[in-house]
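Number of protein chains: 2
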Amino acid sequence: MNRIITVSREFGSGGREIGRRLAEKMGIAYYDQEIIAELIKRTDFAEEYIRHMDEKNPIPLLPITTARTFGLPANNGLEQNLKFYMQESKVIREFAEKSDCVIVGRCADYMLREMNPVRLFVYADMESRIARCRKKNKDAETLNDRELRQKIISVDKKRARYYQFYANQVWGEKENYDLCINTSRFSEIKAIIPGLEKLVK
Amino acid sequence: MNRIITVSREFGSGGREIGRRLAEKMGIAYYDQEIIAELIKRTDFAEEYIRHMDEKNPIPLLPITTARTFGLPANNGLEQNLKFYMQESKVIREFAEKSDCVIVGRCADYMLREMNPVRLFVYADMESRIARCRKKNKDAETLNDRELRQKIISVDKKRARYYQFYANQVWGEKENYDLCINTSRFSEIKAIIPGLEKLVK
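Sequence order for the protein chains is X and L.
Per the numbering used here: the first sequence = residues 349 to 549.
Per the numbering used here: the second sequence = residues 349 to 549.
Careful: at least some of the hints might be erroneous.
All copies of an identical chain are treated as equivalent in the list; a pair is satisfied when it fits inside any one copy or across any two copies.
Said to hold, decoys possible - Here are the simulated DSSO-like pairs of lysine-lysine, each with C-alpha atoms no more than 27 angstroms apart in a straight line:
| hint | residue 1 | residue 2 |
| --- | --- | --- |
| 1 | 404 | 486 |
| 2 | 522 | 538 |
| 3 | 549 | 483 |
| 4 | 549 | 499 |
| 5 | 499 | 538 |
| 6 | 484 | 438 |
By construction, these hints were calculated from the structure, which means they are not laboratory data.
Can you make the complete structure from the sequences, with help from the hints?
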């Protein structure tokens, strides 16, 4: 069976960077935006809808006005969401079956549970996450600290709801992961990759 | 400043073994029962009292009958506990100031917070912990699974109360640690030491 590493991460914690660098170091595939690209390619969901739905709260789903924007009847939101989840799940499973890989976000730890992935959770305190967003994220330039904090909280809330809905587990609860890394301490991501590689091998 | 690694651990998770092996691998000091031995040597607390108090619930403290056994007035429990904590804290601080080291349990992560320790938390699911206790702990032989489970829960409850009381933080909450390791996944402790060493260096 392939060696699968899933990376769940708080927004601004550097989890994506850990995933990318780890895959690079191990010489294995890395899937993050690639999942979205594949969904765009193979499903008839509109690209905007896919981006709107990705790791977002599945319920109470699209408000009527948003649904109309996407040309969907307002009351079939749940069905639509489940269809989206099934498609995303299928893409992720195919990636995982192809070769060893690192997969970021999207409930992959739960979706692939019978493949026994090593499940990482990356987190950090708010101060470090704000600092990291300022350093890495261009969008952050237009926001003051209070707004950035709000954004971080809001993205995480959506991820938590998505995870709760599909995995029926609490997002970020350490019992659902094999290794939880606080990057407030390990701020230099590059430095922790060699140790991490040894641990997950 | 010395490199300090603190290991908090759920009972039966293998945290003590991780601490011991990590110290061995890094060639640095290891403190666990050594803290008790030092307290016995340098304080006028009775050895039984020290063993009774170690990492146990500090409040509501000794019931009257227990206090009498140790020859203490029943109503000065809190004062006595604080005195014990101060002494333990002093021993731990002296150890930490002497050289690089690994310290297991006893709120050391909090006691030494201004020395910026790398704070590990080791945990595992109940099934793995029962299995590990059966393998490692002679006392476990006399207990059936239900009793062993009760013991595990009871020891952890005491550790949690001790931590909550002295550190005013939630024991096991990942935000209070730099790295949380689920040994249900990494059951072969020996195998994870090289990676861990690299991470905490």
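Results of checking the hints against the structure:
no.: 1; hint: 404 with 486; verdict: within (21 angstroms within a copy, 50 angstroms between copies)
no.: 2; hint: 522 with 538; verdict: both (23 angstroms within a copy, 22 angstroms between copies)
no.: 3; hint: 549 with 483; verdict: between (30 angstroms within a copy, 25 angstroms between copies)
no.: 4; hint: 549 with 499; verdict: neither (35 angstroms within a copy, 34 angstroms between copies)
no.: 5; hint: 499 with 538; verdict: within (26 angstroms within a copy, 42 angstroms between copies)
no.: 6; hint: 484 with 438; verdict: neither (31 angstroms within a copy, 43 angstroms between copies)
In the structure shown, a violation is registered for the earlier hints numbered 4, 6, in ascending order.
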